[in-house]
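Engineer: Sequence:
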Amino acid sequence: MGGWSCSGTTPPLVATGRVFVADETGVGAYQAKTGRRIWHHRWDSPDQASTPSMALSGGLLLVGVADCESVSSVGGDVFAFNVATGRLKWHQSLPRPAHSLLVDKGVVVTSGASDTLGVTAYRVRDGRELWTLQGYFAGAAAHGRLFVSGAYDVFRVAAVSITTGRTIWTTPDLSSSVVGGVVAATPAGDLVYTAYESGLLCLRSSNGSIVWRDPNPNGQLATDGRRVYRASGNAIEALSARTGRRLWTTGLAGSTSQPVRAGGLLYTVVSGGKPLGILNAANGSIASTARHLPNLNDAHVVVSGGRLYMTIGNTLVAYAL
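Remember, our numbering sits 24 above the position in the sequence shown when you count from 1.
Wrong hints could be hidden among the right ones.
[What the hints assert, rightly or not] Between beta-carbon pairs, the in silico distance windows are: (1) I192 x G59: 42 to 48 Å; (2) T194 x A311: 40 to 46 Å; (3) G32 x I310: 28 to 34 Å.
Think of the hints as simulated: they come from the structure by calculation, not from any bench. C-beta: ideal position from N, C-alpha, C; glycine also.
All chains, please: the whole structure from these sequences, using the hints.
Structural biologist: Right, dumping it as structure tokens:
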């Protein structure tokens, strides 16, 4: 590849018979069945583009990146590529890095922090800017609502319309208990979860009222609407999505990472030569340790079509389940 790169490998995205993944030089699409490369877009300056955030919508692969040139004042870009051909449909330069990228209702939202903290929304089909919200960071989107957090010297969580940017509700200042941000929403969009200083806060998405708090150490989250799965340290635990009641805790042989829920199972990459934990989602019992796999990148795996997709170093790999 030649030369130093600011970008790295992303977790795969799988859809329409293709696997999309970024590498040190750009982003590409591969056949899901064979791994054959379909197309690849190389960054003009790989040493200046961060590891991207990616999403799929409307036949487009949406990619958000941050510049790596400056620590104090960093911009970014959003690209939209045709999923079949890799042709660039549109591109927008950003006044701030694209640290997060979310899609819902035909709108793509980016947010990040440089000199300022802010959120900007664009129409997926043509990249037209729709609205901007200053002082917030976007954490989750569901059923037309975007859940954001921040606001300068206080900490608030807010819900806004993803199509118009109109504020639906805002919480009071939560600075006394919350240091973090929105991290997940249920698939139905009725509950939203935000990290706070030492645990987790569940809010009702209709009005922002607090449903429950959990004071235990925070970690990486996933939810299927029935349970909230939290990976922290060398363990994964499940909480009731509605009440916060702890349902089970399972210890693993190394540090855990982003949980992935698929087909009645829960997957997490495990450090220390114990590459993958596969648990039964209902009770936390270990279904497999996948010890035949090599060490994996510190990112989540993807399950689709009876296959397990992952990146190992700079290589995209698929295993049959």
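Engineer: Per the hint of 42 to 48 Å, is the separation of the Cβ atoms of I192 and G59 within bounds?
Structural biologist: Roughly 43 Å apart at Cβ, these two residues keep to the hinted range, so it holds.
Engineer: Does the hinted range 40 to 46 Å hold for T194 and A311 at CB?
Structural biologist: Holds - the Cβ-Cβ distance for T194 and A311, about 42 Å, lies within 40 to 46 Å.
Engineer: Just to be sure I understand the hint, the distance between the Cβ atoms of G32 and I310 should be within 28 to 34 Å; is that true here?
Structural biologist: Between G32 and I310, where Cβ atoms are some 30 Å apart, the hint holds.
In terms of the numbered hints stated before, the structure departs from none.
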